[in-house]
Amino acid sequence: MTDWFDLLHQQVMIEARKQQIHHHLAPETTRNAQLLGHFLSAGIKRQGLTSESFAKLLGVKPAVADFILNGDLPEWMLSDEFLNRAARVTGYEANILRIMLDRKIIPTRADEEDADEATL
Amino acid sequence: MSNELKLAPTSHEVETSVMLPIDRQEWVNQLKVWDNRAWEILLHNHARDLRRDITISLRKRQLSTDWVDDIQQETWMTVVKEIDKFDWQGEDKFYNWLRSIARYHIQTLNHKVKHNAISFDEIEDNAVENGLSLDLFMYVHGLVGDSPENEVALRESMMALDTALQRLKPREREIVMRRLIWRETPKEMAADYGVKPESISMILARAKDTIQVHMAAMSFHKNRSKT
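So the sequence lines, in the order shown, correspond to chains G and Y.
If you count the first sequence from 1, position 107 lands on 107 in this note's numbering, and the numbers rise without skipping.
If you count the second sequence from 1, position 208 lands on 208 in this note's numbering, and the numbers rise without skipping.
For the record, the hints were derived by calculation from the structure and aren't laboratory data.
Zero decoy hints are in this set.
Here are the simulated SDA-like pairs of lysine to any residue, each with C-alpha atoms no more than 25 Å apart in a straight line:
1) G/18 to Y/100
2) Y/93 to Y/77
3) G/18 to Y/47
4) Y/114 to Y/65
5) G/104 to Y/198
6) Y/169 to Y/199
7) Y/32 to G/14
8) Y/208 to G/93
9) Y/60 to G/4
10) Y/169 to G/108
Quick caveat: nothing in here was measured; it's all calculated off a predicted structure.
Bound-form chain Y, shown alone:
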């Protein structure tokens, strides 16, 4: 692969892309915030190659090349939606990532046309960098959510919070939640409850201790069950 990325041509320089060095990491960061210019560069650098590879892949599976436009569109829509999960590891791997997305869409089409079913073997057949295969499989089949690690962490925090809240009185629970969710200060809450800010601070300090004890207990049980 060349060390240079083509800058997308303006309307005055059709087909005469300019070669300039661009910081790849920064470019990918810009893709992740869906910056127009970054996406134009991506299209101008890879759309043609990807279309060619899609055509070859369709022929290889004896599928009609009439599907090229559909697969190409589905692939790029997936790329736009999934780019924020991509970790930059080099130009080659980036293009492999694009190709593997296209391949998934082609395989899904292949199954629809020939078997009318989806095979979980596809996951094994397409192990690629960035841990993409399973994610993409889930995405293509509408099974995706937030990252599993975040979900687990959030679920565990909520369990600890729930347990800790049970030790508090209703008004104390309310104050804790206002602090945690609304990020209100003791001073802001004091007037609402007709008490001094110090009283609110004491409630929060007690609640914080209780929550920490439960979080630590959960983490202890988790580590013990691992060993």
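Only chain G is shown next, with the shape it has when bound in the complex:
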């Protein structure tokens, strides 16, 4: 075989292996962020917010908010503190967003729920 073919063969095999690994790992790592992004999008739409006003309320740049809403931000960059803020903005409990990202929660007890309603 010729030099160009050997080089191309090597490059293609490396890339194919990369894709195999990426597709094997990707669903678990990116799907959650994507779900969260769509869910937050629905929440801000219900609240009548734009992505710019969402960014402002979260205290992040509009581009970052867009990344979050599109599910393009890696999960590890979404801190617990951020989730608390996002939950407040969209009118959800932080637990709901934590479930979406497959993070541990402390289950809400009935008496806590009643107490929350009493303070409203």
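Start from chain G and add chain Y according to the hints.
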């Protein structure tokens, strides 16, 4: 095109590829899971022809053939990344698909070298099978995401879910989400909430009805706006 694919030669049979019938659909399926052997067969069957076509295409556009290696590499990298979106429709169409990817990279190079800009006319100029043109254009220019149909469906489901969740109490929302995302059973959740599994089942049944009502309402509005 021949009905047979060349099997990639082993190290002992350089340049003496063996002709054997292979189930094309199965071969493409193997390409889609990035099986090494399937990719070797693809390279041995098409790399040489594709390189020749790239050279001809570069000459036709008065571009230096020094670019052959770069275009060839970019083309094959795109093929590896985009293969899972390819629908098998025959050998000829498969090679056309490879060629159209190469052509996109050549056109992008041509624009960079001569105009330093990208033309959206490229999409129209290169209508090919598999609805590839627009996808590939977007891919080459970094605009691609998941399939648009999936994105729309997911977005609509989330809107319905969001609306339905608003009708529930916080603890009920949590239970619904645990069921939907974590796929936990009522029995698994009951202990966490200090209630009987039947209570969890009732919450889930009520939530399911609410979600279905909203999904149906969304689909009704969507169909009505189409007519």
